Amino acid sequence: MRYFLKKTVALVITLLVAAFLTFLAFEVIPSDAAMAKLGMDATEEEIEALREAMGLNRSLPVRYGDFLLGALRGDFGESTQYGLPVTELLADRFGVTIGLALLSFVLIVGISVPLGIFAARTKSKAGEGIIAFLTQTMMAVPPFFLGMLITLLFGIVLRWFTPGAYVPAGENFFGFLGFMIFPAMAVAIPKIGMSVRFLQSSLKEQMQADYVRTAKSKGCGRRRVLWSHVLRNALVPVVTFLTMVMAEILAGSIVIEQVFNLSGIGRLLAVSISGRDYPVVRAIVLYTTAVVVLLNYGADLICRYLDPRIKEI
Amino acid sequence: MNVTGWLKKDGKWKVNRIIGVVLVGLAVIVSLTGCFYTPYDPDAMDATLKNASPSLSHLFGTDNFGRDVLSRVMKGAGTTLLVGLAVVSIGAVGGCLMGAFTGYFGGKADLILMRVNDAVAAIPSILLALVFVGVFGSGTVQLVAALGILFIPSFARVVRSGFIVQKELDYVKNARLMGAGHLRIMFVHILPNIKSSLLSALAIGFNNAVLSEAAMSYLSLGVQPPHASLGRMLSEAQPYLFRAPWNAVAPGLMILFSVLGVGLLSLEGGEKHE
Chain A
1 MRYFLKKTVA LVITLLVAAF LTFLAFEVIP SDAAMAKLGM DATEEEIEAL REAMGLNRSL
61 PVRYGDFLLG ALRGDFGEST QYGLPVTELL ADRFGVTIGL ALLSFVLIVG ISVPLGIFAA
121 RTKSKAGEGI IAFLTQTMMA VPPFFLGMLI TLLFGIVLRW FTPGAYVPAG ENFFGFLGFM
181 IFPAMAVAIP KIGMSVRFLQ SSLKEQMQAD YVRTAKSKGC GRRRVLWSHV LRNALVPVVT
241 FLTMVMAEIL AGSIVIEQVF NLSGIGRLLA VSISGRDYPV VRAIVLYTTA VVVLLNYGAD
301 LICRYLDPRI KEI
Chain B
1 MNVTGWLKKD GKWKVNRIIG VVLVGLAVIV SLTGCFYTPY DPDAMDATLK NASPSLSHLF
61 GTDNFGRDVL SRVMKGAGTT LLVGLAVVSI GAVGGCLMGA FTGYFGGKAD LILMRVNDAV
121 AAIPSILLAL VFVGVFGSGT VQLVAALGIL FIPSFARVVR SGFIVQKELD YVKNARLMGA
181 GHLRIMFVHI LPNIKSSLLS ALAIGFNNAV LSEAAMSYLS LGVQPPHASL GRMLSEAQPY
241 LFRAPWNAVA PGLMILFSVL GVGLLSLEGG EKHE
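Taken in sequence, the protein lines are chains A and B.
Residue numbers for the first sequence, in this note's numbering: 1 to 313.
Residue numbers for the second sequence, in this note's numbering: 1 to 274.
Honestly, I wouldn't trust all of these hints.
Stated by the list, open to error - PhoX-like cross-link-like pairs, simulated, lysine-lysine; straight-line CA separation at most 25 Å: (1) K204/A <-> K125/A; (2) K6/A <-> K108/B; (3) K125/A <-> K12/B; (4) K125/A <-> K8/B; (5) K123/A <-> K6/A; (6) K125/A <-> K50/B; (7) K108/B <-> K167/B; (8) K14/B <-> K195/B; (9) K7/A <-> K108/B; (10) K108/B <-> K123/A; (11) K173/B <-> K195/B; (12) K14/B <-> K204/A; (13) K125/A <-> K7/A; (14) K173/B <-> K108/B; (15) K204/A <-> K216/A; (16) K195/B <-> K167/B; (17) K8/B <-> K167/B; (18) K123/A <-> K7/A; (19) K218/A <-> K204/A; (20) K123/A <-> K216/A; (21) K204/A <-> K12/B; (22) K123/A <-> K14/B; (23) K195/B <-> K123/A.
Stated by the list, open to error - Some chain B residues flagged as far from chain A (calculated, every beta-carbon gap over 10 Å): (24) N16; (25) P42; (26) A44; (27) L267.
To be verified - Examples of chain A residues lying across from chain B (beta carbon under 8 Å, computed): (28) A25; (29) F133; (30) Q136; (31) T137; (32) Q258; (33) S274; (34) G275; (35) V281; (36) V285; (37) T289.
Derived by calculation from the structure, the hints in this document are not laboratory data.
Note that the structure is a prediction, hence the values are computed from the model and not measured.
Every residue, glycine too, gets a C-beta built ideally from N, C-alpha and C.
Full structure from sequences and hints, please.
Put into structure tokens, the structure is as follows:
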């Protein structure tokens, strides 16, 4: 219980700090929202008037408080590019990004766990060499290049899907899966390389532990040693690692959405940065950071449940 | 160290290391040559030769402006690898200083800096780089600065954990007794001893830097036109993927080869020290 409380306090502090940094980052920009909105040839008076109207003339702590309250209510102001409330813009796009992230995560776990176990059990030098080569290759492909290759192969040559024709999950779930599986592959493959390597090394480390030898000498079968001893002990680092992978999937989808022309959060972020649409950028950064921080919090709690020996911090 | 001893072990060739050497060599030769010589002017447009398929006069074909893809890959590889090197240098120097001081002296500053480090490391670096570019504008210099700063924590962590182990060892006490100053001990005595973990961090960092540069330039937030960079070329090639796939395949493979090469070298290097 104390652990839970401590972690929760730390979580709230981290979120506040993250919110402050996102707020501050866009305060140091020389041009403010009023200048951006009116453009280059606005007069001093016009800018000043708009600043007053937008509340940009108040002191920093007041505006931070405002920003926080707004963020809590889900109000991030208006997009300067689209003239729509930021929350509305985001709401349309969240589904796409979450769908892509979840599907990629399922692919990563589903493929890399069996492969990782297989890799950890291989004894032959040649097998190890081949696995090392393959995982390195998977990690070396830029995800967006992979996305293009997938579009070229499955979309243009084999015609298994129509590039750019996204199907919302609400309309036709299988149509959605049939399209999303391709961008999800592009996000997943580099991470699969990473996960297989990680699983291989952490399982190998566990297999050399004393308890494995004890279990074997008591007459435990190879399969039982693996499933009920090694995997259980390897679970904590694996959960931590998968949390990191989840955060990277979110980041990776920024680029992949661009490749597959998906209108998700990542694509909106890229467009808003080039368009200097700061309210949108701020909201997306804050949301994504919050998701990452919450994921880490969840992972900490799960790890503590799996292994009660874990002390604070 | 003789070369065959490095490439062979127990009489067997280390295939992955050989492939690594070949790929890194290829990347270095292509980008170095690109600095002095390219078959065509990489920026020269030819309206009569748009999206021409690979031929003897244009080995990798031409792009939608009729520019020679091979020449642009040679030039772009130079930019991309140079950005990667610059980023890793900033990250490594900054990380070494930070890791060395915090690891060697410990105390409150160590505690606080490491917390900040953890916080920065928890957030995906491409997101932070995007914010940085959003605040300071896009361009090669901003990109290098953003990625360089973001790479400091990973190096600091490696160096710090090395220093924490090393500072308790006898040779450090010895040096101390002989009157060596703290700075001398840190950078002349300890630093060479953590060479191997630093080297593999450098390799991983370089690969991440190249991939991040490519991703940022692909989103048109990194290297700006008319400069050629591999990521930039890929984003320009995308609309013509169907008509002229060579436009995308050539720069993409170039990135893949250089990153894979460095990865394979670091892999075998790491195993040797274990």
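query = Hint by hint, which ones does the structure fall short of?
reply = Failing hints, ascending: 5, 6, 10, 13, 17, 18, 23, 24, 27, 34.
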